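These protein sequence lines are chains A and B, in that order. Everything in the first sequence is counted per my numbering, starting at 6 for the first residue and increasing by one. Everything in the second sequence is counted per my numbering, starting at 10 for the first residue and increasing by one.
Be careful, since some hints might not be right.
[Said to hold, decoys possible] Distance condition first, Cα-Cα at most 20 angstroms in a straight line; then the derived DMTMM-like pairs of lysine to aspartate or glutamate: (1) A:K12 / A:D64; (2) A:K181 / A:E584; (3) A:K84 / A:D140; (4) A:K212 / A:D151; (5) A:K599 / A:E614; (6) A:K648 / A:E700; (7) A:K481 / B:E17; (8) A:K430 / B:D51; (9) B:K39 / A:E452; (10) A:K395 / B:E17; (11) A:K41 / A:E31; (12) A:K36 / A:D19; (13) A:K675 / A:E584; (14) A:K744 / A:E761; (15) A:K796 / A:E761; (16) B:K39 / A:D488; (17) B:K110 / B:E190; (18) B:K39 / A:D444.
In short, the hints are calculated from the structure, not lab data. Just so you know, these numbers come straight off a predicted model, no measurement behind them.
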Amino acid sequence: MAKTAPKIALWLWDPGGRLAAALDLEALVQKLARAKGVARAEIIIDPGSPAFLEALHADLEAGVIDRILWVGRFSDEQKRGLPAELSACGLNPYLHHWCDLEEQGLLLAGLEPGLRNRKAGVLLEMALARTRLLDPLEPLELPATDAVLILGAGVAGLHAGASLTELGKRVYLVEKESGAGGKVALLSRFFPRLCDPHCGLQFCLDKLSASPLAEFHTLSTLAALEGSPGNFQARILKNPRYVREEKCNGCGVCLAACPVDLPAGQEPGLEKIAPFLKPARKAIHPAYPLAFPAAFVVERQHCPPECRQCAMVCPTGAVDLDQPPTETVLNVGAVLVTTGWDPYPLSRVAEFGYQRYARIISNLEMEQLLGADRLGSPGVLPEFSLGDMKEIGFIQCVGSRDERHLPYCSSVCCSATLKQAVLIKEMNPQANCYVFYIDIRSPGFDEDLYRRARDLGVVFNREIPSAVDLDPGTGKLGLRVIDPSLNTPLEMNLDLLVLAGGMIPAQGTPDVAQALNLPQNSYGFFESHYQCHPEESQRTGIYVAGCAREPMKVSHAIESAHLAAMKALKYLEGRVLIEPTYPVVDKTRCDQCKRCVEECPFSAFGFDEKSFPTPDLARCRQCGNCMGLCPLGIISLQHHTIKQMAAQVEAFDVSFMGDKEPVVLAFLCKNDAYHLARGAVAAGLDVPPNFIFLEVPCAGAVNNALVADALSFGIDGVLIAGCPEDQCHYVRGSQLVQKRSGDLRDKLQKMMIEPERVRFANLEIRDSDKYVSLLHSYLGDLKTMGPNPFKI
Amino acid sequence: MTQNFPPEPSLSARLAAASLAVSRCFQCRKCSGGCPLTFAMDLLPDQVIRLAFLGQEEQVLGCRAIWVCSSCETCTTRCPNGIDIAGVIDWLKEEAGKQGKTASQPLVAAFHHYFLESIRKAGGRLPEARMLRRYGLFKLWRQPDLGELAGNLKLGLRLFKKGRLRLAGPEPLKNRAEIDEIFKQAEFKWQGK
Chain A
6 MAKTAPKIAL WLWDPGGRLA AALDLEALVQ KLARAKGVAR AEIIIDPGSP AFLEALHADL
66 EAGVIDRILW VGRFSDEQKR GLPAELSACG LNPYLHHWCD LEEQGLLLAG LEPGLRNRKA
126 GVLLEMALAR TRLLDPLEPL ELPATDAVLI LGAGVAGLHA GASLTELGKR VYLVEKESGA
186 GGKVALLSRF FPRLCDPHCG LQFCLDKLSA SPLAEFHTLS TLAALEGSPG NFQARILKNP
246 RYVREEKCNG CGVCLAACPV DLPAGQEPGL EKIAPFLKPA RKAIHPAYPL AFPAAFVVER
306 QHCPPECRQC AMVCPTGAVD LDQPPTETVL NVGAVLVTTG WDPYPLSRVA EFGYQRYARI
366 ISNLEMEQLL GADRLGSPGV LPEFSLGDMK EIGFIQCVGS RDERHLPYCS SVCCSATLKQ
426 AVLIKEMNPQ ANCYVFYIDI RSPGFDEDLY RRARDLGVVF NREIPSAVDL DPGTGKLGLR
486 VIDPSLNTPL EMNLDLLVLA GGMIPAQGTP DVAQALNLPQ NSYGFFESHY QCHPEESQRT
546 GIYVAGCARE PMKVSHAIES AHLAAMKALK YLEGRVLIEP TYPVVDKTRC DQCKRCVEEC
606 PFSAFGFDEK SFPTPDLARC RQCGNCMGLC PLGIISLQHH TIKQMAAQVE AFDVSFMGDK
666 EPVVLAFLCK NDAYHLARGA VAAGLDVPPN FIFLEVPCAG AVNNALVADA LSFGIDGVLI
726 AGCPEDQCHY VRGSQLVQKR SGDLRDKLQK MMIEPERVRF ANLEIRDSDK YVSLLHSYLG
786 DLKTMGPNPF KI
Chain B
10 MTQNFPPEPS LSARLAAASL AVSRCFQCRK CSGGCPLTFA MDLLPDQVIR LAFLGQEEQV
70 LGCRAIWVCS SCETCTTRCP NGIDIAGVID WLKEEAGKQG KTASQPLVAA FHHYFLESIR
130 KAGGRLPEAR MLRRYGLFKL WRQPDLGELA GNLKLGLRLF KKGRLRLAGP EPLKNRAEID
190 EIFKQAEFKW QGK
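Looking at chain A on its own, in the form it has when it is part of the complex:
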């Protein structure tokens, strides 16, 4: 499209005459009417009036104007409504610019009228400069599938999957075990209602198995993920089950034929990392932990060579002992990571004797004992009958909240122990339960469980034993603590000791992280914003829920799963809508330095066939950090282009404060700093008139070239204000811009400009007071430095 000269309509709206009272509006408008590209410049009475809109329509249709600069203070409704209304008669919604003179502090008390008029003139020239360069833009629509990949069929994955199938989305559930259910399937009961978790799991499984949209991939792992949100290709590796899922109906005839009895207990080779118990079983057995899918599974490594008993007796011919591993590629729009947790290896906490003494068990093993006891089954460990246990101790925070092990709180162990103690006391009131703890953390209504346990006479000791020893004579576990209330040592002998161990990310987490290129936090859990967008990972289209994100109880895992599912819907609608404010790379000037590829906080940049960086628009969150960091300044967010900003910088007339006073251009992050600057003006704070600010998508979007430009045009100082470093909405924009300040320093020194003229600030959204005092001290420093040598 050939560029034609812009035809700008400048409409100044001044309801109540507040601007007119402070400024010589008529003169301003008359002057601007003669400016380049201005076709109309008028003071309007009511932008909503039919007469005005009619005239506007006529102008647009006649081609007299092709873009609008709105000057004045417009409501959010007007800013949304007017472009929508005018787009009906052909004005692209991106051909509007809004210039609010008030927010720049023009109406603050105590300014002399000449200064007000001069500053208004500068602001309007800057607004015009940008308006001239506006381009019509259209949103993009990328094709997308309606399928979602869920990694992990535990409680979070199952709930998310069931809900998404209800919404008509195709769901691929990938699970590394032979059956669904995850850790929750191992629990006897869960709090606060103390009901059987299998009930809630079965509810989801029933929904999923009834839906034609759900597909289970058990014994499977994700090998790689390619593509982009809306269109990922996930390569799934499936280990052989040795039983054909479509044929096996779970009749169990094979169980009688199988000659291999595997004992209950810990799986050999796994005990160091997975302290939970597998039940006694045959080499061929139902899926585990839940018998879903119904097909059996063969633990082939335990089969005698040549034995084919199960295959021979199977009435449906489902057993296939020569099944090979397979690989599938699934096309999905989004990925939900619900890979869950594993217990911390308690043997590492040597002082508590886990795996040294049989009567010291993990809390997860206690769940299995409680479950077995309740169900009257022979139990996972027949020698342990809870009924015979008279003195039962619980040690909390084993591994958790310990600098030597896990510095974080695993968040559920207190409530889990309270639940276990309550179940034991209710089953056997004669049993004595002792809980050794640092703090009891029973948030919210879990406190009821704590009270219930105390009412049942559970003894709580706010102290942790230093070590546990076995008395070989009595076979009891001896431990000694100081009662902090009595300041007296207490010695006790226990029949059973339960270690409330911490949670760590599931064993396969690093593999998943690698396959998804998904950052992990310092504890190994998947990184998240945790606060404002807890479900979001740092990779667009990939959402993390449940304990893969952080330790949480079952109910929170389910909530987080639904949140993740809801957010993922955006990429499961058959198309992904992209706002046109995405980055564009000028490949004719790109020298392929790859900084954008490396530093994009969301890894949105890839390479095209000629090795030029190309943003994956579905992944891009449009923060503009690429625009800020490109050393050549050739990446631009559309509608916030470097050219537009440079034109505004160029239009900044440095003389509006006179000769003596310094003038400053401030780039304010639109998330926090922009709002607090407006807030400072609205509160009538003493905002010095020397500043003019521009709103940027992120402090990280400010390119060094713009700063150097500003200083070379004689602007005395440049302020870049972003969020505090650990609070950036785009992960690290405010860090990146400061990281680049070294380069900027060199550049400015070569230009004989003091690098101290550039200032960075990290501000929070309500830091208006801090902002104002910063402006004053900054001005003081600039005055000491004297005028910019380029100021003529």
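Could you slot chain B onto chain A? The hints should help.
Below, chain B without anything else, positioned relative to chain A:
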């Protein structure tokens, strides 16, 4: 001093049976923080509760703290777990009396006893003269101090002259039977000498 565990649940159970359950305590120690008499106590109120929960009967009945308690009930009022701490201490006083374990504070214990006994005898109101006589004789027997006795008699005479001390007992309450029933239910008994 090392306690022997397991704790003896019987004391805790007896308290619970008297609607004075202590197992809810989570050792916030607010009771001790607000108690105005801790300066004179050998055990703090929270320690009394903890020892009672752990069944350390000897220690808790033999302590001085339960006799120092003036039943102001600040602890009970402020306990976040609704434990009637002052009530527990009162129960412990009675229990100590029944078991004759008042050696730590015999005079306070005796005052406590003669006060209640006098009320019981008089059918619900306190016959001051009788109480003072009984307690005075006990004290004279335990700690003969003729000077103090002379001083007290003088004070008694002055009070009597001003009409502040009545020799005749007060009238019993209208429903004396109820008072008797209360004392019966509390199994009022005294072994302290």
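* Taking only the CA atoms, is the gap from K599 of chain A to E614 of chain A under or equal to 20 angstroms? -> The given pair, whose Cα atoms are some 15 angstroms apart, holds under the 20 angstroms limit.
* Hey, K796 of chain A versus E761 of chain A, does the alpha-carbon distance stay inside 20 angstroms? -> holds, 16 angstroms
* Given the proposed pairing of K110 of chain B with E190 of chain B, does the C-alpha separation stay at or below 20 angstroms? -> With Cα atoms ~25 angstroms apart, K110 of chain B and E190 of chain B exceed 20 angstroms; violated.
* For the pair supplied as a hint, K41 of chain A and E31 of chain A, confirm whether the alpha-carbon distance does not exceed 20 angstroms. => holds, 18 angstroms
* Asked: Is it true that the CA of K39 of chain B sits at most 20 angstroms from the CA of D444 of chain A?
  -> holds, 17 angstroms
* Asked: Under the criterion that the straight-line Cα-Cα distance not exceed 20 angstroms, is the pair K430 of chain A, D51 of chain B satisfied?
  -> With a Cα-Cα distance of about 34 angstroms, the restraint between K430 of chain A and D51 of chain B is violated, given a limit of 20 angstroms.
* **Pair hint K744 of chain A and E761 of chain A, alpha-carbon separation not exceeding 20 angstroms** => Answer holds: K744 of chain A to E761 of chain A is near 15 angstroms, not above 20 angstroms.
* Asked: Between K39 of chain B and E452 of chain A, does the CA-CA distance stay at or below 20 angstroms?
  -> holds, 19 angstroms
* Asked: K675 of chain A and E584 of chain A: Cα distance at most 20 angstroms?
  -> holds, 17 angstroms
* Given the hint that K84 of chain A pairs with D140 of chain A, does the C-alpha gap stay at or below 20 angstroms? -> Answer holds: K84 of chain A to D140 of chain A is near 18 angstroms, not above 20 angstroms.
* Distance restraint between K648 of chain A and E700 of chain A, which requires alpha-carbon spacing of 20 angstroms or less -> holds, 15 angstroms
* Would you check the hint for K39 of chain B and D488 of chain A, treating anything up to 20 angstroms between C-alpha atoms as holding? => holds, 17 angstroms
Checked against the numbered hints above, the structure breaks hints 2, 8, 17 and satisfies the rest.
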